[in-house]
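*Asks:* Starting from the known structure of chain U, arrange chain Y on it as the hints suggest.
Residue strings, one per chain:
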Amino acid sequence: MMQQFASGAHLAHNSILQPLINCCFHRLRTSSMSRLLSFTSQSRIQFGTGSFGCQQHRPLGTRTHFFCISINDSVHRATIHCKRFMSSDLNERESEWRRSPKTSVFSLNNRIMRRDRTEGQALFRDLISKKDSGDWSIADWDEVAALISSNVKGPWEALCMQTLYADRNVELGRSLMNYLEGKDDCPNRVVVPYFIALLGATSGENVNQDQELKKYYDDFMSATDLLDAATIEVLIKGLAYSSHYLECLKLLEICRETHNPGSGMLFHVLLASLRYHDMDLCELILSEYEQAAEPTQLQSLAAEIVGTSLTVGNERGLTRVMEFMKKHGLLIPKKQLDEIVETFHSHQPGKWTETYGYIHHKGGNCVVCRHQMDRLNVTDEEFSGLRSAFTDQVIVGSNIFYKSTPEELKHFMDFVERNGPFDVVIDGLNVIHKGPKPPRRERLERAVAYFAEANKKILILGSKALKVSASNFRRSGSKPTIYMTSTTKADDVFFLYAAIHSSKDTLIVSFDKLRDHKFRLERKLRPIFHKWLQSVQIYDWFFSRYGDFGIRRRHLFSIGPAKDDGGWHFPVNDCDKDAPYGKLGVLCLRHGKRRSPPPRVRRSHQKSSTGVRLGTDARKEWFET
Amino acid sequence: MTTVLANQSRVPGLLHHSLLRNSKLCHHIRQYLQCSVCRAFGRIANSTRQQKDSFFPQNQCTLIASHHCHARTFVSVSSPEKSRHVIFKHNSSAPNCAGLFTHKLLSACTSLMSPRQMSSVKKPVVSRFTEDIDLDSLREELRLERKTSGQNVQLVSKIKEAVAAKCDAAVANLSEADAKSLKVIQLEHNFLYSEGYHIPSLEEMTSENWLEAMGCKSKNQRLKYYLFLQRRKVLKENFIKKREEKKQNRTVRPMNSYEHGKIFMRIYESTMKRWNNYRLASAMQYGVPLVIDMDFEKHMRPQEIRNTAHQLLDLYAFNRLDDGEPFHLHFTSCSETNSIYRMMQILFQDNQDFLATVTENSYLDLFKKQELVYLSPNGRQVLREFDPNTVYIVGAFNDKATQEPVTFAKARQQNIKCLRLPLDEHISWVSGGKDLTLDQMIKILLSVKKGKSWDEAFQFIPKRKRTARDR
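Here the protein sequences line up with chains U and Y, keeping their order.
Residues 1 to 625 (full-length UniProt numbering) make up the first sequence, in order.
Residues 1 to 471 (full-length UniProt numbering) make up the second sequence, in order.
The shape of chain U in the complex, shown without the other chains (with noise of 0.2 Å):
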């Protein structure tokens, strides 16, 4: 194995390698690394041999540090050889290290793929890569299977088969199953589902394809008296790309007898109803997401949804992804993105301008566009059955004393009753910790001023430590109610009851995401939910140079995935350390050139994003929900 080391500058070069370095790095993950070269291996990606060198900035006092990697060239093996040091002295610890014999090494052993497998599909991509062009005889399976048969365990037939669908050859898939069938010992039972997935994958609108596909299908199930989720899995993704997709809908069937099918498989029919205009499909298969799966998982899976809909010219199927997608609150992922901006300029050259943007808080325009987006908005149908539920699912649960006590959950219930409805719930502990350390109560006294001023009926829900300021409220002449609980950790579910019990649009000022209790709730409320957690909560605020309260971005609007006339709008899942509710980023698709946004116009007293305190007539009207 080849060990030479080099500096971080080398990587910006390999963009193969660079995938690999940043999952390696990030603390030396080496289930990840494994996964990655598996991958890498089947997906025939040629890496070189050599070793490479990396920074890696981590919040540890001032040092940054460097690891270096060495990586040899065979498929499924890899030794990391780390070690960390300080930048200052680099070279010198470099050279020292090349020549060090006490470098850590992890070996990677690929756990999950066996090993004589992999190398079986190298062997057998090689023979395939040095064999002329033409048919492949008899003999050359024969030498094939036997040598196949020497170094891999199980079934060659399935192997090779396998590694054909991997590398979409149809041709030789032909051959091989030819081959089979000459003989007269009937095919492994791995080969046929991977044969059918492969005729289907390649199918396009191949007629005689998707005929051929049918036949094996048909023979397949007329030989076959049971089948497994792993079988049923293959022939979907087979299946599913040719017309006898609805054949899919029966593979469900036969799985659910025995368990639920996964999202693998549902995908899979979700793109063949988009691909076949079948909106009753699509329905079924977001209702079955809806209900048992997790919708989610269609974040990462979005490019597909989008370019296989594009393909086939089907916008009302990817009008009604997209509007599930918009419902459930899913951002994309910025690399899917990039995947679907690639797929409408492919389909569309010189149609489309892409530009990211984000949404203003405030008014619910697109910066680049100055589309309008939706406000959103709770129905009172809707809003009255979160209500109902909220208690049982949310707060009693399994067991009450996880949350509360059932005296306490009693006092507080008799508590909101006597002195509801409030306009503004403060997690108060929220709001004194949130900030600069140490924690400080004038920071809630200040908040509690702000809504005050606006003659706002204000709760704060808080733990003991709240007395002192209890007083100061008193004497300030702001006379907020004040609760406090028992228990600091767990008190969420207090002021979500006093809000949810208080109106529609009572506000919500606290930092924590609440995702907790989202889960809690069915998965019918769940959206309800966020969608109304998400109009009413007060998370990003600020304390100007003066210690004066503002608020800073609301999630007011929202921000897609939504279509126009002008083109579309994509939310990006920019939520980080610093953003956690995300900064309402969109990809902004546009017809035609890019052209500079119509003008804005200026409304008074909207500077309080930047530190400016609103007047009065203008926070009126930024508490409107």
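FYI, nobody ran anything at the bench for these hints, they're computed from the structure.
Any given hint could be a false lead.
What the hints assert, rightly or not - Derived list of chain Y stretches under chain U, where covered just means 3 residues or more per stretch with a C-beta under 8 Å from a C-beta of chain U:
no.: 1; stretch: 180-190
no.: 2; stretch: 217-227
What the hints assert, rightly or not - The following residues of chain Y were derived to be distant from chain U, with all beta-carbon distances above 10 Å:
no.: 3; residue: K233
no.: 4; residue: N307
no.: 5; residue: F348
no.: 6; residue: V406
Unchecked claim - Far from chain Y, some chain U residues (derived; all Cβ distances over 12 Å):
no.: 7; residue: W352
no.: 8; residue: E354
no.: 9; residue: D512
Glycine included, each C-beta is placed from N, C-alpha and C at the ideal position.
*Replies:* Chain Y in isolation, oriented as in the chain U frame:
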């Protein structure tokens, strides 16, 4: 149920310190034993089921028995309200008596897990097939085998063999629907193996594995299970290989081969074990109690129960090896159906010196509520310093399956004070939850009991969870 080990001369002290807290029963024992302890022992050891009624009032005790193999006398008494077991070390043997404690210990192993709400096939496999294994005969068989072959065969391996035989029988007698399901799962396994996954081959899969796979809900879960099986197999093989290599490379020099005679006294392992046990026995008389609450079985999956039992083993070992004064461990809520307790018993099978209080009652029956403090990562108040007059409770709970504040909720429900360790106050966490394993917990508690600072005690928390400043 209380378990106490003592020398004959220590019995009155034992009774005074360990048993007479709140039990009428102990009063009867003391009344009986006060005059002549040795005589009493002899009589108890040789007594039969009928005789014991003459010693103790009716309904106050159920069985008095002894374990003849290890020259110990087990006195086991139970009352309608509370069940107590007392072990006295005694030199006299009583071959006529069946050992209740031992019997219970063994018979408990026969049902490793409690019956679950799942269907018959989906219940944890070991739980179903250990229920009616006759461990007494198994033990006898093992004893004979050890005599004849001279090999130290473990009882656990015998149990495994018996379970495997039962699994084979169960697979052969599956109902029609289950047989179909198994066939589908086997087809799926074959498909996955042909796809090249690093999983056991069809020949390597045992009936037990198939039955476990039938309990998995989805294809991905089954695949993960197969991968786990393969990984476990590889690790085991590597371990054996390494051990063999070490054995071959080891050169043993006999003790008498040193020149100038023997300059060091050799302390044998059995001696060290005796010292440790003595410390534990002493702790059971005078030591600070520490309650291990075993009442979280329903919150854990089988693999977590197994993991918890292993942690409890570590906890016991670390407590015993402590160079200061160990805790007097109280394992509470250990009913016969408690899976954690049974798994623990399996692991303790060959260890006869289990010196701790094991009871099916709650800690509320043993101690005053005011004395109790539940240690939970979700506690709102902080444990500032260790108080030897307080009885601390630690939950035997692995929270991989559920992230709910289970221990905190229980403390609140029972109106017991609930505290957390001052982790935030002393160390900065890099990542992960602030819940600790049981072995880390006992190490920390033993440290602070000895008067060490929290900073020193928290050195037992893995480095990966702490920032560089705290390492």
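*Asks:* Now tell me, hint by hint, if it's right for this structure.
*Replies:* The hints, checked one at a time:
no., hint, in the structure
1, 180-190, "holds (count 8)"
2, 217-227, "holds (count 5)"
3, K233, "12 Å, holds"
4, N307, "20 Å, holds"
5, F348, "32 Å, holds"
6, V406, "8 Å, violated"
7, W352, "38 Å, holds"
8, E354, "36 Å, holds"
9, D512, "16 Å, holds"
Violated hint: 6 only; the structure is consistent with all others.
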